[in-house]
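*Asks:* Below, each chain spelled out in residue letters.
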Amino acid sequence: MPILKEGELDIITHSAEQTARLGTRLGTLLLPGDVICLSGDMGAGKTVFSAGLGRGWGATTPMSSPTFNLVHQHARAKDDVLLYHLDCYRLKTDEDVESIGLEEILGPRSCVVFEWPEQIEPWLPPEHLWINLGIMEALRRNLVFKANGKRYEHLLNEFRGITYG
Amino acid sequence: MTYILGIESSCDETAAAVVLNGTTIASNVVASQIDLHAQYGGVFPEAASRAHVEAIGFVVDNAMRDAGIDFSRLDAIAVTRGPGLVGSLLVGANYAKGLAVATGKPLLGINHLEGHVYSLWLTQPYREVKFPVVILIVSGGHTELLLMTGHGEYQRLGGTLDDAAGEAFDKVGRLLGLPFPGGPNIERAAINGNPQAFDFPRARLEDEYDFSFSGVKTAVMREATVATDGRRNREEHKGVQLRADVSINDIAASFQRAVVQTLVDKTVKAAKAHDATEIFISGGVSANTALRNAMRQQSELPVRYPPLNLCTDNAAMIAAAGYYRFESGLRDGLEMDVRPMWPLNNETYAR
Chain G
1 MPILKEGELD IITHSAEQTA RLGTRLGTLL LPGDVICLSG DMGAGKTVFS
51 AGLGRGWGAT TPMSSPTFNL VHQHARAKDD VLLYHLDCYR LKTDEDVESI
101 GLEEILGPRS CVVFEWPEQI EPWLPPEHLW INLGIMEALR RNLVFKANGK
151 RYEHLLNEFR GITYG
Chain S
166 MTYILGIESS CDETAAAVVL NGTTIASNVV ASQIDLHAQY GGVFPEAASR
216 AHVEAIGFVV DNAMRDAGID FSRLDAIAVT RGPGLVGSLL VGANYAKGLA
266 VATGKPLLGI NHLEGHVYSL WLTQPYREVK FPVVILIVSG GHTELLLMTG
316 HGEYQRLGGT LDDAAGEAFD KVGRLLGLPF PGGPNIERAA INGNPQAFDF
366 PRARLEDEYD FSFSGVKTAV MREATVATDG RRNREEHKGV QLRADVSIND
416 IAASFQRAVV QTLVDKTVKA AKAHDATEIF ISGGVSANTA LRNAMRQQSE
466 LPVRYPPLNL CTDNAAMIAA AGYYRFESGL RDGLEMDVRP MWPLNNETYA
516 R
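One line per chain: the protein sequences are G and S, in this order. Per the working numbering, residue 1 is the first one in the first sequence, and the count goes up by one each step. Per the working numbering, residue 166 is the first one in the second sequence, and the count goes up by one each step.
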């Protein structure tokens with residue numbers, strides 16, 4: 001059930017496909033410079049949501065798990081905007097964050113999706129869309145969207161619009 | 166006689182090797198970082214590149230000394246250019262460039278996945294390869310199914326859409342409280358477990374040669390951990406609790422069966438569909454005995470896999486791949502960059 005609160009949205013999904021579909025909807029709305037944080041335990045659906053988001057955004061390569069390489073870069077056919085997909089689980093120190101080139105990643109011509117964003121909270125831009133993925137049971141997931149900043153309140157409203165009509 | 170020096174530093178092993186004519190190992194040195202990263206339960210990027218910097222000079226010198234040659238005898242220097250961690254790749258690439266300048270020898274930038282392919286040319290005694298062959302590369306970072314029609318000619322048939330097979334092993338290992346790395350520890354636990362205890366799901370995908378392992382990982386979590394109410398406390402985001410009444414060995418054995426079955430089914434099917442003469446498996450997960458046995462049992466074709474020390478990352482495979490690149494007349498300049506994401510297919514070396 002959506003909570004009717006400005007800047008927040010609460011959705012329960014009943015399958016991985018449904019979680020991915022929400023990602024796809026969000027992906028179609030992203031603008032260059034957008035930052036999305038996906039927070040959730042292992043198996044909560046962060047990569048599933050990202051895979052959907054990549055499809056909606058138009059990525060030419062599937063958004064697979066970035067765990068091993070830490071950073072994946074995706075392109076799309078329609079323009080030269082890049083979509084970065086990061087797994088921050090193994091980023092601990094300033095040097096770790098520096099070594100992946102976060103400053104270059106967070107540019108005006110790129111969209112960025114962070115998994116395990118709580119690991120690098122001090123380095124995150126203050127304005128972003130934060131999505132909490134909670135495991136309810138078996139296949140059910142609780143997704144809580146929280147907008148931080150004007151741009152993301154607008155994005156969340158648009159998302160609410162295309163999700164609930 | 167063609168001598169190639171190989172250098173590999175794409176992830177958590179610093180390695181150098183000298184290979185003769187692409188098939189005979191003259192030396193093979195690996196400085197493993199497993200102990201360093203085991204304490205964290207994974208490879209940490211900054212620690213990894215620092216360890217590479219500390220080890221690389223020593224490792225290269227030892228590879229040259231073991232081979233009993235000096236730099237002037239080399240024909241070329243091959244180095245892993247990608248895919249991998251950017252900080253780690255740069256250490257090897259820069260060291261190789263320095264050597265190329267100092268010795269005047271040509272530089273060859275090699276795709277790490279192609280290295281895993283050429284680890285199959287290093288099995289002894291060497292047997293001639295008749296193309297086409299179907300190759301399954303399975304490791305912590307990769308799950309790739311390829312059709313190889315000639316040296317340097319690859320058609321990518323499929324790969325993972327989410328987690329790599331080895332990554333699924335590592336994550337499930339972490340979930341079950343097993344030490345890092347997950348692969349060998351799950352295999353060990355599985356020996357005393359019942360592989361039929363749980364019927365974990367196999368992903369059905371539109372593309373018959375693609376893989377998905379995030380579903381089986383989530384299914385393991387469902388069976389093995391205490392359910393939560395879905396409301397997460399951000400400070401406790403890593404808190405999962407194992408159920409007391411399930412056998413870790415049974416979970417490990419059933420999980421391994423599910424992953425192995427998927428890998429074997431698709432590889433055997435691809436080999437049949439493309440009239441392959443042989444099935445090759447390589448990469449860290451190809452060290453898994455259950456995978457090797459299942460592949461041999463289900464395939465009518467011969468199955469080739471590297472010796473255990475060449476399954477995991479090493480530089481002999483980079484030197485072997487470098488030999489075929491050298492023979493075809495290809496060279497890289499000192500301006501060569503590293504490529505953290507670099508798929509292996511028919512466009513890998515296209516400009």
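Don't read these hints as lab results, they were simulated from the structure. Hints may be right or wrong, so weigh each one.
As the list claims (entries may be wrong) - With beta-carbon atoms standing in for the labels, derived distance ranges:
hint	chain 1	residue 1	chain 2	residue 2	range
1	G	P122	S	L370	36 to 46 Å
2	S	Q289	G	P32	33 to 43 Å
3	G	R109	S	L201	34 to 44 Å
4	S	N227	G	E95	36 to 46 Å
5	G	D80	S	F296	48 to 58 Å
6	S	E500	G	G149	38 to 48 Å
7	S	P344	G	P122	23 to 33 Å
8	G	A75	S	T288	35 to 45 Å
9	S	S237	G	P126	55 to 65 Å
10	S	Y291	G	A138	35 to 45 Å
11	G	T61	S	F296	45 to 55 Å
12	S	E373	G	A75	23 to 33 Å
13	G	D80	S	E512	11 to 21 Å
14	S	P472	G	R76	18 to 28 Å
These figures come from a predicted structure and were not determined experimentally. The beta-carbon is built from N, C-alpha and C at its ideal position, and this holds for glycine as well.
*Asks:* Each hint: holds or not?
*Replies:* Comparing the hints with the structure gives:
1. G:P122 x S:L370: 36 to 46 Å: Since the Cβ atoms of P122 of chain G and L370 of chain S sit about 39 Å apart, the hinted range of 36 to 46 Å holds.
2. S:Q289 x G:P32: 33 to 43 Å: Once the Cβ atoms are compared, 54 Å apart, the range 33 to 43 Å for P32 of chain G and Q289 of chain S is violated.
3. G:R109 x S:L201: 34 to 44 Å: holds (36 Å)
4. S:N227 x G:E95: 36 to 46 Å: With Cβ atoms ~28 Å apart, the hint is violated.
5. G:D80 x S:F296: 48 to 58 Å: Given a distance of about 38 Å, which is not inside 48 to 58 Å, the answer is violated.
6. S:E500 x G:G149: 38 to 48 Å: holds (41 Å)
7. S:P344 x G:P122: 23 to 33 Å: For P122 of chain G against P344 of chain S, whose Cβ atoms are near 30 Å apart, the range 23 to 33 Å holds.
8. G:A75 x S:T288: 35 to 45 Å: Once the Cβ atoms are compared, 38 Å apart, the range 35 to 45 Å for T288 of chain S and A75 of chain G holds.
9. S:S237 x G:P126: 55 to 65 Å: holds (58 Å)
10. S:Y291 x G:A138: 35 to 45 Å: The hinted range 35 to 45 Å is violated for Y291 of chain S and A138 of chain G, with Cβ atoms some 51 Å apart.
11. G:T61 x S:F296: 45 to 55 Å: violated (27 Å)
12. S:E373 x G:A75: 23 to 33 Å: Cβ of E373 of chain S to Cβ of A75 of chain G: about 26 Å, so the range 23 to 33 Å holds.
13. G:D80 x S:E512: 11 to 21 Å: holds (19 Å)
14. S:P472 x G:R76: 18 to 28 Å: violated (43 Å)
Hint compliance for this structure: hints 2, 4, 5, 10, 11 and 14 are broken, all remaining hints hold.
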